Amino acid sequence: MLQLRPFKSLGGADHGWLNAHHHFSFASYYDESRMNWGQLRVWNDDVIEAGTGFPRHPHRDMEIITYVREGAITHEDSLGNRGRTEAGDVQVMSAGTGVAHSEYNLESKETRIFQIWIMPDEVGAPPSWGAKPFPKGDREGFVTLASGKADDDIELRIRANARLVAANLKAGETAEYVLDAGRRAYLVPATGVIEINGLRAEARDGVAVEDERVLRVTAIEDSEIVLVDVA
Numbered sequence: 001m002l003q004l005r006p007f008k009s010l011g012g013a014d015h016g017w018l019n020a021h022h023h024f025s026f027a028s029y030y031d032e033s034r035m036n037w038g039q040l041r042v043w044n045d046d047v048i049e050a051g052t053g054f055p056r057h058p059h060r061d062m063e064i065i066t067y068v069r070e071g072a073i074t075h076e077d078s079l080g081n082r083g084r085t086e087a088g089d090v091q092v093m094s095a096g097t098g099v100a101h102s103e104y105n106l107e108s109k110e111t112r113i114f115q116i117w118i119m120p121d122e123v124g125a126p127p128s129w130g131a132k133p134f135p136k137g138d139r140e141g142f143v144t145l146a147s148g149k150a151d152d153d154i155e156l157r158i159r160a161n162a163r164l165v166a167a168n169l170k171a172g173e174t175a176e177y178v179l180d181a182g183r184r185a186y187l188v189p190a191t192g193v194i195e196i197n198g199l200r201a202e203a204r205d206g207v208a209v210e211d212e213r214v215l216r217v218t219a220i221e222d223s224e225i226v227l228v229d230v231a
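Going by our numbering, the residue at position 61 of the sequence shown is 61; the numbering climbs one at a time, nothing skipped.
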């Protein structure tokens with residue numbers, strides 16, 4: 001089963017410095033049919049104006065992944081971590097028992113990110129943060145960027161039975177992703193136009209996936225695709 005969630009149907013708000021669109025209920029946007037998708041709780045499509053950002057605020061017991069689509073985001077937290085994550089790269093924060101952080105666009109142009117929250121398998125663990133560059137040109141098919149699955153040998157670990165993957169496809173190229181039995185996925189083309197198992201999705205649309213074993217994704221236009229595989 002594939003369920004298309006067109007970008008124009010998403011909730012959100014334009015705050016001036018932040019133009020936010022929410023694939024799931026978040027902040028002032030509430031839709032009881034879009035509370036979560038398995039362990040996936042939040043997928044926000046944020047456009048942050050230059051020189052602005054999120055001031056320091058707290059989190060706990062949530063796995064928070066930031067995928068940078070354009071520009072760069074600068075992170076600083078109460079653990080003493082500070083880092084700049086550029087387009088194509090990923091940062092992961094395990095909030096655990098509690099952490100406060102800020103996220104600013106210190107660049108001269110707008111920054112576009114996906115912020116993805118996944119509910120953890122364990123609570124009350126020590127908080128942590130990490131980031132890693134993933135050059136887009138090195139991606140052939142779907143590449144694992146962050147994972148909590150036991151059989152994945154990946155540097156960016158999360159405390160959830162979930163996996164974040166991405167692919168960059170030229171027009172006409174196809175990539176396949178295999179889902180284990182009983183798992184769900186949520187997929188968003190950051191750019192371009194794709195067809196997934198016969199369903200067409202355009203840039204920033206969401207596709208909720210259930211009861212599918214093989215996802216066959218073909219790029220109709222050059223496309224950048226982000227997918228979360230969850231229990």
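Since the hints were made in silico from the structure, they are not lab data. Honestly, I wouldn't trust all of these hints.
List time: in silico DMTMM-like cross-link candidates among lysine to aspartate or glutamate, alpha-carbon distance up to 20 Å [unchecked claim]:
| id | residue 1 | residue 2 |
| --- | --- | --- |
| 1 | LYS136 | GLU32 |
| 2 | LYS170 | GLU140 |
| 3 | LYS149 | GLU173 |
| 4 | LYS170 | ASP138 |
| 5 | LYS132 | ASP153 |
| 6 | LYS109 | GLU86 |
| 7 | LYS109 | GLU70 |
| 8 | LYS132 | GLU32 |
Computed from a predicted model, the values in this text were never measured in an experiment.
message: Run the distance test for LYS132 versus ASP153: straight-line Cα separation, threshold 20 Å.
response: holds, 14 Å
query: Is LYS170 close enough to GLU140, meaning Cα to Cα at most 20 Å?
result: holds, 11 Å
message: So if I understand the rule, the pair passes when the alpha-carbon distance is 20 Å or less; does LYS149 with GLU173 pass?
response: Violated. LYS149 to GLU173 sits at ~28 Å, over the 20 Å cutoff.
query: Does the structure keep LYS136 and GLU32 at a Cα separation of 20 Å or less?
result: Distance of about 36 Å is beyond 20 Å: violated.
message: Tell me if the straight-line CA distance from LYS109 to GLU86 falls inside 20 Å.
response: holds, 13 Å
20 Å limit on alpha-carbon distance, applied to hinted pair LYS132 and GLU32: violated, 35 Å
task: Below or equal to 20 Å on CA atoms is what counts here, so check LYS170 against ASP138.
output: holds, 13 Å
Pair hint outcome, LYS109 versus GLU70 [Cα-Cα no greater than 20 Å]: Cα-Cα ~9 Å, so holds.
In summary, the structure is inconsistent with hints 1, 3 and 8 from the numbered list given earlier, while agreeing with the others.
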